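Q: Order-wise, the sequence lines are chains A and B. Residue numbers for the first sequence follow our numbering, beginning at 1 and rising by one. Residue numbers for the second sequence follow our numbering, beginning at 1001 and rising by one.
Keep in mind the hints are simulated off the structure, nothing from the lab. Only a predicted model underlies this, so the values are computations on that prediction, with no experimental measurement involved. Glycine included, C-beta positions come from ideal geometry on N, C-alpha and C. Do not take every clue at face value.
[As the list claims (entries may be wrong)] Rough simulated footprint, nothing fancy, chain B against chain A, three-plus residues with beta-carbon under 8 angstroms:
1. 8 to 22
2. 36 to 47
3. 81 to 94
Each chain, written out:
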Amino acid sequence: MAIDVRIFGPLRLDSGLKAISIDAPEGKRRLRDILLELGRLKGLETLRAVATEGLQEGVPFIILVDGTNCMQLKGLDTQVKDGQRISIFPPSGGG
Amino acid sequence: MEVRKIFSRQAPLLGKSGQERLLNSTVCVVGLGGLGSVVCECLVRAGVGCLVLVDFDYVSLSDLNRQILYSYRDIGKRKVDAASKRLRSFLPDVKIKAISKRLTENSGPILQGDVVADCLDNFEARFCLDRLCRDKGLPFVHAGVEGLFGQVVTVLPEASKRLSDIYQGIDSNGKRPVALCPPVMVVGAVQALEILNFLLRGRAGLSFNDGLLFVDLEHFNLDKIELA
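For reference, chain A alone in the conformation it holds in the complex:
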């Protein structure tokens, strides 16, 4: 088992990655640490910046943990368990 990360939109375009599996040796990992690890990959540097600077109002993408916005959980301190899924997508505002 591992943590399944799904990437959508411009981040997928920039990184060329659709899904990434992140190991959780102790059965869970903090969301901030996952973003730091992802942020080392080419095209996902923005995630590193988010992990460092924090999730502020006006972020360009939404991070869901098993379908719930992480800001409704414990933000970057959310513990993501083995087998859970993270989805990162940019909501489009235009009509």
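Given chain A's structure and the hints, the job is docking chain B onto it.
A: Below, chain B alone, put in the same frame as chain A:
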């Protein structure tokens, strides 16, 4: 009799009862930009009998690259009037209630129908529509589009997770998005189909009330992102 011929090619799909159900349905379309144009056109051509159109804006030149209800001759006209004229041009019997007003927290009374289409162009207004629909017990189908990406999600009145929960933290007053006709048409068509399925089969017809459809026309992917 002539009017029935308009729908003859879709009869095998909808059946007589389905077509009658659409004829007796009302959809409130809020926002008559790119998505609103496509949604209205799809709904009227499918045979939805009544539309409530809500938009405060006027047609401008920069709308014409994607807002398919309008032509050069409509520049400067109220969108609700130009849209009504265009929709009646291919189905004269369609009932249209045109409301040229900006959506506010006091707009509850103007939202009428079986379902609401969120075709607005900013999240602040969408969150307002979400609150109004919850208070009025109306389901609404939300869509957004930007560049080659877009999304569609349906929010039922009793849903515990509102649009503002799903999108918490997003810039609700963002810059004017990049807008190209084909992605607007694809996302608008999906939004219209979700509405038609709801009108025809009720909640059993919905596809995006338990997940958000992410439309990626850069890679030609349609992904359903599960929502808790």
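Q: All the hints need checking, so say for each whether the structure fits it.
A: Do the hints match the structure? See the list:
Coverage of the segment 8 to 22 of chain A by chain B holds [criterion: at least 3 residues with CB-CB distance below 8 angstroms; count 5]. Requiring three or more residues with a Cβ within less than 8 angstroms of a Cβ of chain B, the coverage given for the segment 36 to 47 of chain A is violated, as only 0 such residues are present. For the segment 81 to 94 of chain A, the stated coverage by chain B is satisfied: 8 residues place a CB nearer than 8 angstroms to a CB of that chain, which reaches the threshold of 3.
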